[in-house]
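Chains A and B are the protein sequences, given in the same order. Numbered per this note's numbering, the first sequence finishes at 429, counting up by one with no gaps. Numbered per this note's numbering, the second sequence finishes at 429, counting up by one with no gaps.
No lab work stands behind these hints, which were simulated from the structure alone. From the three backbone atoms N, C-alpha and C, an ideal C-beta is built for every residue, glycine too.
Now the in silico label distances, taken between C-beta atoms and shown as ranges:
no., chain 1, residue 1, chain 2, residue 2, range
1, A, W8, B, R151, 31 to 41 Å
2, A, K94, B, R151, 40 to 50 Å
3, A, D321, B, Q175, 51 to 61 Å
4, B, R6, A, N228, 19 to 29 Å
5, B, K250, A, F160, 53 to 63 Å
6, B, R67, A, F160, 32 to 42 Å
7, A, D344, B, Q175, 21 to 31 Å
8, B, E161, A, D101, 38 to 48 Å
9, B, E161, A, A411, 49 to 59 Å
10, B, D230, A, R51, 47 to 57 Å
Number of protein chains: 2
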Amino acid sequence: MDIATRVWNHKWKIDPIVRSLIDTDFYKLLMCQSVFRNRPDTNVTFSLINRTKDVPLARLIDEGELREQLDHIRSLSLTRGESTWLRGNTFYGKRQMFRSDFMEWFENLKLPPYHLERVGDQYELTFEGRWPEVMLWEIPALAVLMELRGRAVLHDMGRFELQVLYARAMTKLWQKVERLREVPGIRIADFGTRRRHSFLWQDWCVQAMLEGLGPNFTGTSNCLIAKNRDLEAIGTNAHELPMVYAALAKNDAELAQAPYDVLADWHEEHDGNLRIILPDTYGTEGFLKRAPDWLAGWTGIRIDSGDPATGAEVAIRWWKDRGEDPRDKLVIFSDGLDEDRIIDLYRQFNGRVRVSFGWGTLLTNDFRGLAPGDRLAPFSLVCKAVSADGNPTVKLSDNPKKAMGPAEEIARYKRVFDVGRQEAMDVVV
Amino acid sequence: MDIATRVWNHKWKIDPIVRSLIDTDFYKLLMCQSVFRNRPDTNVTFSLINRTKDVPLARLIDEGELREQLDHIRSLSLTRGESTWLRGNTFYGKRQMFRSDFMEWFENLKLPPYHLERVGDQYELTFEGRWPEVMLWEIPALAVLMELRGRAVLHDMGRFELQVLYARAMTKLWQKVERLREVPGIRIADFGTRRRHSFLWQDWCVQAMLEGLGPNFTGTSNCLIAKNRDLEAIGTNAHELPMVYAALAKNDAELAQAPYDVLADWHEEHDGNLRIILPDTYGTEGFLKRAPDWLAGWTGIRIDSGDPATGAEVAIRWWKDRGEDPRDKLVIFSDGLDEDRIIDLYRQFNGRVRVSFGWGTLLTNDFRGLAPGDRLAPFSLVCKAVSADGNPTVKLSDNPKKAMGPAEEIARYKRVFDVGRQEAMDVVV
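Can you make the complete structure from the sequences, with help from the hints?
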């Protein structure tokens with residue numbers, strides 16, 4: 001290495017984890033544009049929740065370092081090249097996916113303040129403000145916490161141990177890729193930004209998938225990596241939309257309608273492969289039963305909780321009931337996937353529907369078994385909208401272990417959405 | 001990377017494999033000094049022999065490239081720093097291991113010409129000249145052929161495949177190291193120069209052993225790596241001494257005596273841990289039976305062919321017969337070792353004798369199963385003294401599959417050394 005490079009490297013006060021506002025999931029930007037148009041003035045609070053209590057984040061991560069990373073993110077704004085890419089690139093086959101008014105707003109955006117407090121061995125990290133602004137904190141906040149936790153563990157390891165660690169991680173990932181490449185026609189995208197081991201590692205994982213699967217690797221949810229590596233940016237929408245719409249409902253009737261209002265707004269904006277239903281926010285079964293007919297015309301469904309095979313069977317039955325041919329429909333699996341499950345689900349449903357996978361944490365952060373005491377194993381960290389205009393949000397999902405919100409509100413939602421008995425399943429990551 | 005580094009890297013006409021005259025095994029230099037004193041004018045021919053006929057070296061390796069590498073080696077001479085190290089360093093606890101007259105000669109040495117010819121799919125590569133000069137070709141010639149074969153395979157692999165390849169190789173080696181580190185008191189040295197995957201890889205393997213085994217990693221046979229990494233240089237003597245001494249014998253009586261003449265010369269020069277018997281050149285059993293009593297006083301025995309446990313038992317019985325306590329004696333295993341065998345042998349003999357290991361090819365070149373078609377698997381390449389002053393050399397060893405020399409000479413040697421039935425064993429590497 002030359003001296004200048006070395007000196008330059010040592011000049012950094014911190015080693016920033018998130019260095020770009022588009023180091024985020026593509027669906028965040030799609031949703032942000034939708035929110036910017038439809039509900040720009042909603043006041044929303046996002047909150048970081050570590051579901052894995054035995055990972056004592058506040059003991060592992062120095063508060064000062066965490067603040068430096070978050071402050072660095074607040075200093076970021078869209079670069080000219082990033083803006084050009086968002087404005088000029090084709091996403092899902094469509095030019096000018098992002099409207100001029102949204103882009104102008106985004107070009108002038110800096111992320112709003114955060115609130116950080118240590119409570120016991122965990123951090124309380126919340127973001128409160130106008131929905132389109134605070135929602136953009138979710139992914140970078142998660143990525144920062146995940147990577148700082150990783151760094152805390154890596155800090156104690158020697159140069160050689162680190163070499164071996166990454167050699168093992170590479171070997172492990174490549175073994176997965178080699179298994180997946182044996183399944184012709186399989187289609188997988190990277191959904192692993194939020195709980196990645198680190199940015200560089202996610203970038204390597206994307207390269208591995210591209211190298212191993214070629215065109216069967218359909219792209220990455222990470223906009224920065226998609227831009228840098230000239231890949232498709234992948235993603236549609238998430239639970240945050242129905243959760244906030246639902247929280248804003250003034251009565252039970254509006255509440256029951258809220259998830260469909262979300263998709264009605266989406267229907268106006270998007271077509272084709274962007275018309276993907278995420279049906280599980282308040283129970284897949286009931287959502288589909290009460291869905292308006294125009295929703296059956298949408299391209300596909302994303303299955304993000306509950307038993308995935310069951311979810312797919314429910315979807316197939318629903319399409320048939322509504323006179324649609326499931327073979328034209330897309331089922332995207334995105335919950336707790338690893339290569340075995342991917343291959344099983346593919347074999348089970350390929351041909352009956354079009355199958356696709358959004359592979360997350362076990363693509364970009366499978367360090368299980370690689371560090372002493374398994375201290376690099378991924379853990380279940382989420383960052384969710386917890387209130388909207390003063391009302392708490394609720395998520396039920398198809399797995400009661402993933403439910404969130406105040407107990408009385410959960411009960412109300414269960415009643416309104418007619419959610420019966422649900423099977424509890426361990427949350428993998 | 002900075003521009004200057006990149007430009008510099010592209011300026012090399014070749015990427016030299018051997019860049020130093022001390023990128024060789026330590027025992028070569030010890031033997032060279034002994035030969036330089038005792039038999040300097042012997043005319044010896046060394047010849048490269050590929051025992052693995054299905055590795056078509058001449059199809060894999062371009063003759064021009066091979067010549068460039070060999071020519072580069074001929075351009076090398078001892079650097080000032082290397083000379084200082086050899087003169088000033090302590091080897092086996094001894095200062096000034098290398099005498100001034102030898103060092104002066106070595107400082108002025110350039111390696112003699114080589115003879116290279118393609119015969120079918122193999123190369124005939126021979127070195128003829130004064131013994132102390134030509135003997136120094138053995139290790140670099142082997143290393144060049146091994147690494148050029150590796151490069152031929154690597155040339156067809158992409159950047160990513162290469163990353164995964166080395167990640168896997170590192171993972172594989174580290175798994176071995178982790179198994180070995182669980183055995184307290186085990187003592188292992190690197191003997192893997194000659195059939196290493198590459199210089200850089202050997203250097204990494206040495207670091208891995210050091211990192212994993214700490215002081216239980218006793219050193220490396222490679223002088224350059226020992227110098228660069230401040231490790232012990234390890235090694236004593238090899239078959240080439242008795243083979244050449246035997247070839248120079250004028251009659252059967254002298255022949256029978258030749259292996260002991262070698263050790264008598266060695267006895268004069270060295271003591272302590274350098275007094276290691278290599279008994280298998282013409283059969284261990286007979287060699288020990290007829291050995292003079294002073295040889296039983298030597299420190300240990302290196303077991304380099306045949307069944308290693310049997311060899312060690314033979315040695316133990318011999319020491320006991322000669323009134324020596326085997327627990328004071330050193331047994332060095334150095335043939336076809338991998339971690340399982342190392343651990344087995346250690347458990348079997350630790351406490352009964354002092355046990356040590358010289359781990360070669362499967363330390364520095366275990367790329368088995370790592371490349372398509374297993375084209376990086378190590379293969380059995382040797383470079384041996386084949387004649388001395390016009391007489392063919394013979395090696396029998398304790399494994400008839402390792403025997404070499406003209407058939408009638410093999411028969412004569414078997415008769416003179418009273419070698420009975422031997423068990424044939426596959427040569428691992």
